[in-house]
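Student: Going left to right, the sequence shown walks through residues 0 to 309 as numbering that gives the first Met the number 0 numbers them.
It should be emphasised that the hints constitute simulated quantities derived from the structure, not laboratory data. As the structure is a computational prediction, the values presented were derived from the model and not from experiment. Mixed in with the good hints there might be a few duds.
[To be verified] With beta-carbon atoms standing in for the labels, derived distance ranges:
1) 40 - 124: 23 to 29 Å
2) 120 - 40: 44 to 50 Å
3) 189 - 267: 24 to 30 Å
4) 43 - 128: 34 to 40 Å
The beta-carbon is built from N, C-alpha and C at its ideal position, and this holds for glycine as well.
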Amino acid sequence: MRVREIAELTGTTVRTIRYYHEIGLLPVPEVRHGYRDYRLVHLARLIRIRWLVDSGLPLGRVGQVLAGDAGRPRRQHPGTTGETGEAGEAARSAALADLRGALTTLEDRLRDLSDRHERLVRLVASVESGGAPTPMPATVARFYDDLEARAPDEATAGAVRQERDFIELAYFRGDVPPEAELLYIGVTEESLRAGLDAFRTGVTAEGLSDEEIERFAAGVVARMKERVGGDLAEVIASLDTDAVRRLYELYDVTADERARRVGRVVHRLLTEELEKAAEPGEAGEPGGTAEPGRPAESVRLQEPEEGRER
Numbered sequence: 000m001r002v003r004e005i006a007e008l009t010g011t012t013v014r015t016i017r018y019y020h021e022i023g024l025l026p027v028p029e030v031r032h033g034y035r036d037y038r039l040v041h042l043a044r045l046i047r048i049r050w051l052v053d054s055g056l057p058l059g060r061v062g063q064v065l066a067g068d069a070g071r072p073r074r075q076h077p078g079t080t081g082e083t084g085e086a087g088e089a090a091r092s093a094a095l096a097d098l099r100g101a102l103t104t105l106e107d108r109l110r111d112l113s114d115r116h117e118r119l120v121r122l123v124a125s126v127e128s129g130g131a132p133t134p135m136p137a138t139v140a141r142f143y144d145d146l147e148a149r150a151p152d153e154a155t156a157g158a159v160r161q162e163r164d165f166i167e168l169a170y171f172r173g174d175v176p177p178e179a180e181l182l183y184i185g186v187t188e189e190s191l192r193a194g195l196d197a198f199r200t201g202v203t204a205e206g207l208s209d210e211e212i213e214r215f216a217a218g219v220v221a222r223m224k225e226r227v228g229g230d231l232a233e234v235i236a237s238l239d240t241d242a243v244r245r246l247y248e249l250y251d252v253t254a255d256e257r258a259r260r261v262g263r264v265v266h267r268l269l270t271e272e273l274e275k276a277a278e279p280g281e282a283g284e285p286g287g288t289a290e291p292g293r294p295a296e297s298v299r300l301q302e303p304e305e306g307r308e309r
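Given only the sequences and the hints, what does the whole structure look like? Please build it.
Tutor: If you want it as structure tokens, here you go:
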């Protein structure tokens, strides 16, 4: 068969086949009647190459995997030294390592695609229900909309918008664990007023003393605890620590010094509260299942900026 025919059979291109010839992956067939005559052996080899490449194996390693039929055991003939068997075993080990590496890469890609699929499903649902084209939950968006509408001055409104932008960015990146939405549910008039007061205070955080920052941060933590309520221990136990880490890394490159000053104190106080909630309890209680390292990380999820979750 000609090169175009083998290309069509394997779902590749003539240019790709010629490149495989050039790098030695695919043997060059004999010329018959003025053109290269590809046989079944070439077709089988090309299919295996494409299958390995499509599975995620780097092209530079495909040749090693294919060498000696991927190191497939062969019958030892009488009188041989056994060197071929050792070489075959080494080839199999190298091929297996490459394939396992490709499998790990593919599994990572599948998890990433699954996360993207879930976010896209939520986005479609949001738009279908009349919401905005954003992955940020409607409860979270309403929280910031209500705060901004009630802001007494532009400085406070600007602080609300800045925090909203950060949270929305984190949702777009998939860095906000679903447990975070609990902090925005059941907001009362009193909670909104307290939130505005916190934003207004946060705007002037650079001029606050250490003692004033301590009181401000304690109020933020108290409101967070009140919002989560009895679900605190369960939330700690179920937090995705990878998402927490990503969220904090994002915050770390976007926050200003004023926000970091408040955030350090909130971090310390909330860590103490979460560690208390994670202390072993009675059998079957969520507090007895939380990992010791999670409370400290979860602070960065719950309170990345001053006034976070009022």
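Student: Confirm or reject each hint.
Tutor: Here is how each hint holds up against the structure:
Checking the proposed 23 to 29 Å range against residue 40 and residue 124 shows it is violated: the Cβ atoms sit about 52 Å from each other. Taken as a hint, the range 44 to 50 Å holds for the pair residue 120 and residue 40, whose Cβ atoms sit roughly 46 Å apart. A C-beta distance of roughly 26 Å is found between residue 189 and residue 267, which places it inside the suggested range of 24 to 30 Å. Distance hint check for residue 43 and residue 128: the Cβ-Cβ separation is about 53 Å, which falls outside the suggested range of 34 to 40 Å.
The structure fails to meet hints 1, 4 from the earlier list, while all remaining hints are met.
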